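*Asks:* In case you want the letters, here they are:
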Amino acid sequence: MRETIKKYVEELFQAAPSTRRARELKDELLTNLTDRYDDLVEAGEDPQIAYAKVIDGIGDVEELIAMLEEQDFLNPVTQEKQRQKSALLVSGAVGIYILAIIPTFILSGRVGTVAALIMVAAATMLLVYNGMSRPRYTKADDSLVEDFKEWNQGKSQRKAAMAAIQSLIWTIAVIVYLLCGFLLHLWHIAWIVFLAAVAAGQVIRLLFISSEEKTP
Amino acid sequence: MSIASDLIRGHTETIILAQLARQDSYGYQINKEIQQKTQGSYELKEATLYSAFRRLESAGCIHSYWGDQATGARRRYYSITPMGRALLEQNKADWEKAKLLIDQLL
Numbered sequence: 144m145r146e147t148i149k150k151y152v153e154e155l156f157q158a159a160p161s162t163r164r165a166r167e168l169k170d171e172l173l174t175n176l177t178d179r180y181d182d183l184v185e186a187g188e189d190p191q192i193a194y195a196k197v198i199d200g201i202g203d204v205e206e207l208i209a210m211l212e213e214q215d216f217l218n219p220v221t222q223e224k225q226r227q228k229s230a231l232l233v234s235g236a237v238g239i240y241i242l243a244i245i246p247t248f249i250l251s252g253r254v255g256t257v258a259a260l261i262m263v264a265a266a267t268m269l270l271v272y273n274g275m276s277r278p279r280y281t282k283a284d285d286s287l288v289e290d291f292k293e294w295n296q297g298k299s300q301r302k303a304a305m306a307a308i309q310s311l312i313w314t315i316a317v318i319v320y321l322l323c324g325f326l327l328h329l330w331h332i333a334w335i336v337f338l339a340a341v342a343a344g345q346v347i348r349l350l351f352i353s354s355e356e357k358t359p
Numbered sequence: 046m047s048i049a050s051d052l053i054r055g056h057t058e059t060i061i062l063a064q065l066a067r068q069d070s071y072g073y074q075i076n077k078e079i080q081q082k083t084q085g086s087y088e089l090k091e092a093t094l095y096s097a098f099r100r101l102e103s104a105g106c107i108h109s110y111w112g113d114q115a116t117g118a119r120r121r122y123y124s125i126t127p128m129g130r131a132l133l134e135q136n137k138a139d140w141e142k143a144k145l146l147i148d149q150l151l
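Chains Y and P supply the protein sequences, listed in that same order. In short: position in the first sequence from 1, add 143, done, that's the numbering used here. In short: position in the second sequence from 1, add 45, done, that's the numbering used here.
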């Protein structure tokens, strides 16, 4: 009878993909079914009836097999790839921000400033693209676990949004400083703009914290 | 038992987390304990159990590992994570609130 159980499970998983996850699930199911069968027989159940009970207790595996095929957003491997791509975009953007100062030294006057601003725009584009291309987790069903996953993702998205806004504030501060310096020659007081950036950054943080308090 | 099964199925994950909060376990053992605790009146289908396991694991609430068996075959064990414990507490609190509300209304 134990062989029959094994054959039954093999048949069930015929339509499943030949992935490691599918094989592991098949093994797990087989081990548990066999355990149950052994327990029933040990308790004195007739082998045929035990077999029927075990098979009956399986339920609908179709949904389970379908789950094996769907793309796993929270799979650590895909998450790692996502993280690497994100890291590349962010580090590239920061690099371009810093390099954006160079045109103001090499090219004269307005041309230099325009070139610098173009590079800053490019860097900001990278950051925005990075922020928006995170996989949005949509609930697979109404279970409590799906609710939890969605909340968890929402929290990290808010953190990412805050980080993006902070970098934007600082970018604007540098732009304002350079403009004041090159166009208005106000180097001696334009540095105040950086203090303003710090204050603005703190205000944004407070706003985010208070909005976190509101959402349960 | 069919109506009650639908009502309970939404709590499958919480039930599993409660079992794992006591000790690490595997599929059949969890099912057996549930049957014993409910004196045989509630039995989880294997498919329901495994769906719940996958969902909980991909949410980071439980962690699985392979244990060695005396007979040579490997068995998949599950253990609860700190996030799982937090979810369990939250769900238990939600259930108490829901229970109170429905008892008041019915």
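No lab work stands behind these hints, which were simulated from the structure alone. There's no promise every hint is true.
As the list claims (entries may be wrong) - Here are the simulated EDC-like cross-link-like pairs (lysine to aspartate or glutamate), alpha carbons at most 16 Å apart as the crow flies: (1) K150/Y to D170/Y; (2) K77/P to E167/Y; (3) K90/P to D199/Y; (4) K90/P to E212/Y; (5) K149/Y to D181/Y; (6) K149/Y to E206/Y; (7) K169/Y to E205/Y; (8) K77/P to D182/Y; (9) K90/P to E205/Y; (10) K90/P to D178/Y; (11) K77/P to E205/Y; (12) K169/Y to E212/Y; (13) K196/Y to E185/Y; (14) K77/P to E185/Y; (15) K196/Y to E88/P; (16) K90/P to D203/Y.
Bear in mind the structure is a predicted one, so any value in this text is a computation, not a measurement.
*Asks:* Compare the structure with each hint and give your call.
*Replies:* Going down the list of hints, with the structure as the test:
no. : hint             : verdict
1   : K150/Y to D170/Y : holds (12 Å)
2   : K77/P to E167/Y  : violated (21 Å)
3   : K90/P to D199/Y  : holds (8 Å)
4   : K90/P to E212/Y  : violated (21 Å)
5   : K149/Y to D181/Y : holds (14 Å)
6   : K149/Y to E206/Y : violated (20 Å)
7   : K169/Y to E205/Y : holds (13 Å)
8   : K77/P to D182/Y  : holds (10 Å)
9   : K90/P to E205/Y  : holds (13 Å)
10  : K90/P to D178/Y  : holds (15 Å)
11  : K77/P to E205/Y  : violated (23 Å)
12  : K169/Y to E212/Y : holds (14 Å)
13  : K196/Y to E185/Y : holds (14 Å)
14  : K77/P to E185/Y  : holds (15 Å)
15  : K196/Y to E88/P  : holds (12 Å)
16  : K90/P to D203/Y  : holds (8 Å)
Hint check: violations occur at hints 2, 4, 6 and 11; the rest are consistent with the structure.
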